[in-house]
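**Student:** With chain A held as given, fit chain B onto it using these hints.
Chain residues, written in single-letter form:
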Amino acid sequence: MTDKKTNHMHLYFDARSVNEGFARMVVSAFLTEMNPTLEELSDVKTAVSEAVTNAIVHGYSTEAQQVELICDRNEDELTVTVSDRGVGIADIPAAMQPFYTTKPEQERTGMGFAFMEAFMDEVRVESVPGEGTRVTMKKCIGRENGR
Amino acid sequence: MDKEYQIQGTRMKFWMPKEVDHHKAAALRDQLDRLIEMHQIRELILDFSETEFMDSSGIGVIIGRTKTIGFYGGKVEAVNLSAQVKKICCASGLHRLINIREVAENDG
Chain A
50 MTDKKTNHMH LYFDARSVNE GFARMVVSAF LTEMNPTLEE LSDVKTAVSE
100 AVTNAIVHGY STEAQQVELI CDRNEDELTV TVSDRGVGIA DIPAAMQPFY
150 TTKPEQERTG MGFAFMEAFM DEVRVESVPG EGTRVTMKKC IGRENGR
Chain B
188 MDKEYQIQGT RMKFWMPKEV DHHKAAALRD QLDRLIEMHQ IRELILDFSE
238 TEFMDSSGIG VIIGRTKTIG FYGGKVEAVN LSAQVKKICC ASGLHRLINI
288 REVAENDG
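Going line by line, the protein sequences match chains A and B.
Numbering follows this note's numbering, in which position 133 of the first sequence is assigned residue number 182; successive positions increment by one, without gaps.
Numbering follows this note's numbering, in which position 55 of the second sequence is assigned residue number 242; successive positions increment by one, without gaps.
So here's chain A without its partners, still in its complex pose (with noise of 0.2 Å):
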């Protein structure tokens, strides 16, 4: 019998734009050892863009913050966990409409969480004004393989 396949990673990164494309390195790597399509790899990278961007634009007025992100494998099972301790989400169902943003004129679509829901299984938010926003998104991976 072989052990049951789980791993668990934990970072903390500036919330710097620079890093949004080291967090999709990051996850894909974690990702990799789970052997997904190259569809999964795809949706999971579209999905924690949208979180850490979210982390950053919306997370912190400044850029003396940081974000955590934590991944956990549980068998065929990916968890990516995305925080941020900035303004917090007063309203989370309005936020989570398609096209709602607070940020027109940086012309941010307000399809974030749109695209975390349609590219992840699960999709979980929980925020706290001023004192942060955590994203909880699951994906079942290798389903496609018919594994």
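Simulated restraints, written as ranges between beta carbons of each label pair:
1) 195/B to 59/A: 48 to 54 Å
2) 113/A to 262/B: 40 to 46 Å
3) 56/A to 239/B: 21 to 27 Å
4) 225/B to 57/A: 47 to 53 Å
5) 170/A to 225/B: 42 to 48 Å
6) 61/A to 218/B: 28 to 34 Å
Quick caveat, the hints were computed from the structure, so don't treat them as lab data.
Nothing here was measured: the structure is a model prediction, and the numbers come from that model.
All C-beta atoms in this analysis are idealised placements derived from N, C-alpha and C, irrespective of residue type, glycine included.
**Tutor:** Quick look at chain B alone, frame taken from chain A:
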């Protein structure tokens, strides 16, 4: 030197960068707006053959430029999209705003 853009009259073909995310969006937007204004571009062809990744920040840049060029009666097209880029263009509804094709017409 990397090929970045080709201009013929008011038609510009622009090669999108390898990654189009929030980190790259502001500089890309400024560069495109400068070129569109300077050369009075009315037909913009965005070539994604070099692009490996794009997220909603890239969609924002394209929608913004589509509005600018549309205001002057012009049009925007996207060509040579990877599977990932095509997927987010469809998920965002961008494929209803601009023409998405495999290969640009009139390409030599």
